[in-house]
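Given chain A, put chain B in place with the hints provided.
Chains as they are written, first to last, in the working numbering: chain A, 1 to 568; chain B, 569 to 643.
For the record, the hints were derived by calculation from the structure and aren't laboratory data. Bear in mind the structure is a predicted one, so any value in this text is a computation, not a measurement. Note that beta-carbon positions come from the ideal geometry of N, C-alpha and C, so glycine has one too. Keep in mind that a hint or two might mislead.
To be verified - In silico contact screen, one side only, chain B against chain A (beta carbon under 7 Å); selected entries:
#	residue
1	L571
2	V573
3	P576
4	I577
5	M580
6	V583
7	L587
8	L588
9	F591
10	Y600
11	H603
12	S604
13	V609
14	W613
Stated by the list, open to error - Computed, partial: chain A to chain B, Cβ under 8 Å:
#	residue
15	I23
16	L184
17	L345
18	L348
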Amino acid sequence: MLIQLGIIDYCLLIVYFVFVLGIGFVVRKGVNGTKDFFESGRALPAWICALGFLGANLGAQEVMGMAASGAKYGIMTSHFYWLGAVPAMVFVAVFMMPFYYGSKARSVPEYLKLRFDEKTRGFNAVAFACMTVMSSGISMYALATLLHAILGWNLHLCIVASGVVVLVYIFMGGLRSAIYNEVLQFFLIVFGFLPLVLLGLKQVGGWHGVTSRLAVVAARSGMPEGAWSHTWKFTGSAASNPMGIEWFGLAMGLGFVLSFGYWCTDFLVIQRAMAAKDMGAARRTPIIAAFPKMLFPVLVILPGMLAIAMHVGGDAHFSLPSKGDSLNYDMVVPAMLAHYFPTGLLGLGLTALIASFMSGMAGNVTAFNTVWTYDIYQSYIRKNASDAHYLAVGRAATIAGIGASVACAYSAAKFNNIMDVLQLVFAFVNAPLFATFLLGMFWRRTTGHGAFFGLLAGTAAAAVHHGLSFPKGAGAGIKGGWLSMSQQYPSEMAQNFWTAIWAFSACFVVTVGVSLATRQRKSEPELAGLVYSLTPRPKEEDVAWYKRPAILGVGMLALALVLNIIFW
Amino acid sequence: MNLDVRLPIGLMFSVFGVLLAVFGLVSDPQIYAEHSLGINVNLDWGIVLLLFGATMLALALRARHARAKQPPNHG
Chain A
1 MLIQLGIIDY CLLIVYFVFV LGIGFVVRKG VNGTKDFFES GRALPAWICA
51 LGFLGANLGA QEVMGMAASG AKYGIMTSHF YWLGAVPAMV FVAVFMMPFY
101 YGSKARSVPE YLKLRFDEKT RGFNAVAFAC MTVMSSGISM YALATLLHAI
151 LGWNLHLCIV ASGVVVLVYI FMGGLRSAIY NEVLQFFLIV FGFLPLVLLG
201 LKQVGGWHGV TSRLAVVAAR SGMPEGAWSH TWKFTGSAAS NPMGIEWFGL
251 AMGLGFVLSF GYWCTDFLVI QRAMAAKDMG AARRTPIIAA FPKMLFPVLV
301 ILPGMLAIAM HVGGDAHFSL PSKGDSLNYD MVVPAMLAHY FPTGLLGLGL
351 TALIASFMSG MAGNVTAFNT VWTYDIYQSY IRKNASDAHY LAVGRAATIA
401 GIGASVACAY SAAKFNNIMD VLQLVFAFVN APLFATFLLG MFWRRTTGHG
451 AFFGLLAGTA AAAVHHGLSF PKGAGAGIKG GWLSMSQQYP SEMAQNFWTA
501 IWAFSACFVV TVGVSLATRQ RKSEPELAGL VYSLTPRPKE EDVAWYKRPA
551 ILGVGMLALA LVLNIIFW
Chain B
569 MNLDVRLPIG LMFSVFGVLL AVFGLVSDPQ IYAEHSLGIN VNLDWGIVLL
619 LFGATMLALA LRARHARAKQ PPNHG
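The following block holds chain A by itself, in its conformation from the complex (with noise of 0.2 Å):
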């Protein structure tokens, strides 16, 4: 599938790389030192965070996947959103954001070591570091080898080349460039991918054609005939519903656990929300970009529902290619693009596209420098220099964690599976976390030996689980079952979520134990701001109604609710 662009389509692209570039090259004149420059000076209004906050978070491992996703499971997907982000993005500004930005921590793990040990610091902090790397290694990686397939440009520019326009931006304007390119990013995102959306709706007559074609699609796969159209219905068991989980996996591993630990705990979101100006921007700044994100399916899933619809439909001369003997649902975007979108508008979709991919990689490399250069650089290596001294070696680890992220990039693409044994290694490490910092933000009596060796053995159990537990269809490796072939699950997804519900519940329960053997080290005036019962609660009486977190924290909830129900 070789897609011809004409002048057009490099017009478009040329004016949004110039336009990306000269947000680096005007903002810089900003920073004046490490506040600026990791921080973003914390002068940022809330709805800037907000997007760049969904920006970050909309990179391509996203539009892509959640596409694929969307073709392969259908509406349930949306469960990522609706069940899993929204009620985690209120609780984080409602109950967590008073600890992150009211304390003196410029970084979650900063925060760790202020509420716990040096320790735990140290390990969230590498694991974190190396994470970030990763991820935009392999966003490169996939940026490069798509534009490889549709477009047969050279991969060895197209990495080189996305890393250098990251890194040009990040290294002029820090924080702030990132974000303010990601709020570009945002809108040329929306704007690039609604036409397909519309266009496929139009064409397959309404969301009523969708659902009579994804009837036949769960018919072919012996499911009932609205298994790919209703969210809640047929989890009542593993096997009635594509994603192959019931309703308690679903809410205990997706809702609770994996969300929760991402929206919650993440350096690269939570640092969005942390450059705000002020408390209140800081926590409106989750409740804010909970409301796009509600409405994202529409934009993400949708396309890979509408994918399958008409693949399998036949009557749109749409059809999704394969891949050995199963669909290829990676391309379900590219494949999409490449059939509705005539020269001109291919460019715009195009341009956002590689839009996605590059927040993607900045959010990444934002945070990099950041726990780099504060909880690692400054922690360890030199303690007492100067702030100019400081912001040299952020600019020094943005350019190094862009050449790590290309030597990622490069190991990827050479080995098979390096990508997924590290991706899995970092899954173990952050499923636990969020037992860590719940615990640690409501009980007091949390201790840096509970926290610490709750982290170690939530990481354990998780290994241990993926070890003896594995998809149907997998044989024993990276899959899983590789300790012994115990327990198997009807998908991959299920055996995530189960995966991640061990992992929370022994960090939990070893942290509890831990907690109460040891004695706490840390005294109540250095835990307040730290932890709930100790913190003052934000002042809200001056604050009008509709600035207040928690009253539009309900509101939103009650909006994702209301989705629920309508696609039941």
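Relative to chain A, chain B alone:
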């Protein structure tokens, strides 16, 4: 340094809108029959982008105007 992010966004989308709409006017209608169900999506979507870009620009200019009127109260 006071870059209003709505300014570059407004500018970029206005440029995109104009490019697409003009291209839509001069391009061969055959490409729309082939791809986009016969709809001239370049023209239509170009106008949408232009409207969005212009709105962003208007908001940015209004904010700048308001700032210029009021004496700065912080920093």
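The hints, checked one at a time:
Given hint, B/L571 at the interface with chain A, holds; its Cβ is 5 Å from that chain's nearest Cβ, closer than 7 Å. A hinted interface residue such as B/V573 counts as satisfied when its beta carbon comes closer than 7 Å to some beta carbon of chain A; here the least separation is about 5 Å, so the hint holds. Against a cut-off of 7 Å between C-beta atoms, the interface hint on B/P576 holds, since the closest Cβ of chain A lies about 5 Å away. This hint holds: B/I577 has a C-beta 5 Å from the nearest C-beta of chain A, less than the 7 Å allowed.
Annotation: interface hint on B/M580 holds; nearest CB of chain A at approximately 5 Å, less than 7 Å. At a threshold of 7 Å, the smallest CB-CB gap from B/V583 to chain A is about 5 Å, leaving the interface hint in force. Given hint, B/L587 at the interface with chain A, holds; its Cβ is 6 Å from that chain's nearest Cβ, closer than 7 Å. Look at B/L588: its Cβ gets to within about 6 Å of chain A, closer than 7 Å, so that hint holds up.
Hint status for B/F591: holds, given a least beta-carbon distance of 5 Å to chain A, under 7 Å. This hint holds: B/Y600 has a C-beta 6 Å from the nearest C-beta of chain A, less than the 7 Å allowed. With a least beta-carbon distance of about 4 Å to chain A, the hint placing B/H603 at the interface is held under the 7 Å criterion. Hint status for B/S604: holds, given a least beta-carbon distance of 6 Å to chain A, under 7 Å.
About 5 Å separates the beta-carbon of B/V609 from the nearest beta-carbon of chain A, less than 7 Å, and the hint is met. The criterion of a C-beta within 7 Å of any C-beta in chain A is met by B/W613, whose closest approach is roughly 5 Å, and the hint holds. Satisfaction of the interface hint for A/I23 is found here, the shortest Cβ-Cβ separation to chain B being roughly 6 Å, below the 8 Å cut-off. For A/L184, the interface hint holds, the least distance from its beta-carbon to any beta-carbon of chain B being 5 Å, beneath 8 Å.
For the restraint placing A/L345 at the interface with chain B, the shortest Cβ-Cβ distance is roughly 5 Å, inside the 8 Å limit, so the hint holds. Evaluation of the A/L348 hint against chain B yields a held restraint, the C-beta minimum of about 7 Å falling below 8 Å.
In terms of the numbered hints stated before, the structure departs from none.
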